[in-house]
Amino acid sequence: METNQITETINMVSEEHLDIRTVTMGISLLDTIAGTPQETAKNIYKKITTYAKDLVKTAKQIEREFGIPITNKRISVTPIALIAGKATPDEMLYYAHALDDAAKAVGVDFIGGYSALVQKGFANGDLALIESLPRVLTETDLVMSSINIGSTKAGINLDAIKLMGETIKKITDKSDTANAKLVVFANAVEDNPFMAGAFHGVSEADVVINVGVSGPGVVKRALEKVKGEPIQNVAETVKKTAFKITRVGQMVGALAAERLGVEFGIVDLSLAPTPARGDSVAEVLEEIGLEMVGAHGTTAALMLLNDAVKKGGVMASQRVGGLSGAFIPVSEDAGMIDAVKAGVLSLAKLEAMTSVCSVGLDMIAIPGETPATTISAMIADEAAIGVQNNKTTAVRILPTNGTKVGDLVDYGGLLGTAPVMPVVEKSSADFINRGGHIPAPIHSFKN
Amino acid sequence: MAKAVVTVIGKDKPGIIASVANTLADHNINILDVSQTIMSDIFTMSMLVNLEKLDEEFNKLQDDLTVLGKHLNVEIHTQREEIFDAMSRV
Chain A
1 METNQITETI NMVSEEHLDI RTVTMGISLL DTIAGTPQET AKNIYKKITT YAKDLVKTAK
61 QIEREFGIPI TNKRISVTPI ALIAGKATPD EMLYYAHALD DAAKAVGVDF IGGYSALVQK
121 GFANGDLALI ESLPRVLTET DLVMSSINIG STKAGINLDA IKLMGETIKK ITDKSDTANA
181 KLVVFANAVE DNPFMAGAFH GVSEADVVIN VGVSGPGVVK RALEKVKGEP IQNVAETVKK
241 TAFKITRVGQ MVGALAAERL GVEFGIVDLS LAPTPARGDS VAEVLEEIGL EMVGAHGTTA
301 ALMLLNDAVK KGGVMASQRV GGLSGAFIPV SEDAGMIDAV KAGVLSLAKL EAMTSVCSVG
361 LDMIAIPGET PATTISAMIA DEAAIGVQNN KTTAVRILPT NGTKVGDLVD YGGLLGTAPV
421 MPVVEKSSAD FINRGGHIPA PIHSFKN
Chain B
1001 MAKAVVTVIG KDKPGIIASV ANTLADHNIN ILDVSQTIMS DIFTMSMLVN LEKLDEEFNK
1061 LQDDLTVLGK HLNVEIHTQR EEIFDAMSRV
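From first to last, the protein sequence lines stand for chains A and B.
Residue 1 is where the first sequence starts when you use our numbering, and the numbers rise one by one after that.
Residue 1001 is where the second sequence starts when you use our numbering, and the numbers rise one by one after that.
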């Protein structure tokens, strides 16, 4: 019995906020499609409530046995636009309510997959789904949506970007917080367990368990022990810590899958912050040597962190997937909020950071009067970074009516609080209004 | 057969080991290994114990130990051994 190791593990959980962020059950809905939306909705409800019946109970028991919190239990499903190929926007509500009702019936925190993949173009179901978003995201509670508007293979669908800018504005007019449930992706991954972007890709098995680990606090604490040492020691420390965290995710995921009698999918080794102090990615970056996140050097520190997390985690898990890296959502990270309030962390710096981390502009509040075309242009910039660099990028942006720069907007719970950030006021309208399609980048002559 | 680690952390006072051992005995659980130390007045103990199986009995034991911890004003964790192995061994 190694007492030191036991104490270390217990401290990670009780003092450093180590948790399994989510156990997400991915469920294929391809076999629920019936003749009418009502029948399909009934099948969807039945399949989800059958397979996920014991998800929460099982997760809670595992939590107990290992003494490690599993913060969220979630479900992801096949992108609904594929299931609702024939539906009208009004009929889409049947699908959305089936998801919401099923999620509530089994007691999960969120259900993701109210999604459409439109990187190359729109089909009927895609357009119906996007048109239904303002209603769906305000009339349901647990349904999360994602729209993929670009990929390295297909290029960037500028028409879709324009439509999403307008849709985000329409959602804001109905609710200040509903946009937290919508993410616009480039290069979306099919096995991501994290919200709002989780969906169950068409190439996945029928039902799988995916796990998302967390633990910025643990990484920060480990880095406190190598203060002032050369930077490669920082990378080594992050790798070792990521290994430990991921091993817990692997163990929990494999056991949950076994007990639920389904396949084990992947571990997503992401450092995902929460608004709690000491559970912040910004604080990790500051521990590496920045006075405040947003200072020059932030992008370099984040690149090292993101890469070392992957390197450490890959060996600890049988199968790694999802987004895997570091998340930088502003409203969900106490250190990021401080840096924005202090005027140190700007949108421009955040955009640069997204070129080396696992996601994109995430949970950022902007003034409500920001034009739709400006929001579209922000999405286009993020998509460009992802598509050109073969990585996932995402935009989850929250225009908030009646606010001005510097105001604080509260989204509640894990979603946190965001200070309203300034956007460039010059117009991007003529660029966005061109519409059409940005061709896929060439991947030779790399420079 | 599964194993669990019971850890007790808190301010030292007479009777902590006795009470924990009694609770374990009440559940008919065998202690395999004990390690205990006092660091600047803080009592730290880890016990490796045998579990017949992982079922309601485990949950009851965990609940009883948590209640005992509150009563003794110390923190008692009961966790399956695997989590420590998973984290610390390749």
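Please keep in mind that the hints were generated in silico from the structure rather than gathered at the bench.
C-beta: ideal position from N, C-alpha, C; glycine also.
A portion of the hints provided could be inaccurate.
[Said to hold, decoys possible] So the derived list for chain A, only partly shown, Cβ under 7 Å to chain B, looks like this:
no., residue
1, GLN5
2, ILE6
3, ASN11
4, GLY35
5, GLU63
6, PHE66
7, ILE70
8, THR71
9, LYS244
10, MET251
11, LYS341
[Unchecked claim] Derived SDA-like pairs: lysine to any residue, alpha-carbon spacing no greater than 20 Å straight-line:
no., chain 1, residue 1, chain 2, residue 2
12, B, LYS1011, A, SER14
13, A, LYS311, A, ASN401
14, B, LYS1003, A, ASN401
15, B, LYS1013, B, LYS1060
16, A, LYS174, A, GLN5
17, A, LYS60, B, GLU1056
18, B, LYS1060, A, LYS311
Right, here's what the structure says about each hint:
no., hint, in the structure
1, GLN5, "4 Å, holds"
2, ILE6, "5 Å, holds"
3, ASN11, "10 Å, violated"
4, GLY35, "45 Å, violated"
5, GLU63, "10 Å, violated"
6, PHE66, "4 Å, holds"
7, ILE70, "13 Å, violated"
8, THR71, "17 Å, violated"
9, LYS244, "4 Å, holds"
10, MET251, "5 Å, holds"
11, LYS341, "36 Å, violated"
12, B:LYS1011 to A:SER14, "17 Å, holds"
13, A:LYS311 to A:ASN401, "42 Å, violated"
14, B:LYS1003 to A:ASN401, "56 Å, violated"
15, B:LYS1013 to B:LYS1060, "25 Å, violated"
16, A:LYS174 to A:GLN5, "51 Å, violated"
17, A:LYS60 to B:GLU1056, "13 Å, holds"
18, B:LYS1060 to A:LYS311, "40 Å, violated"
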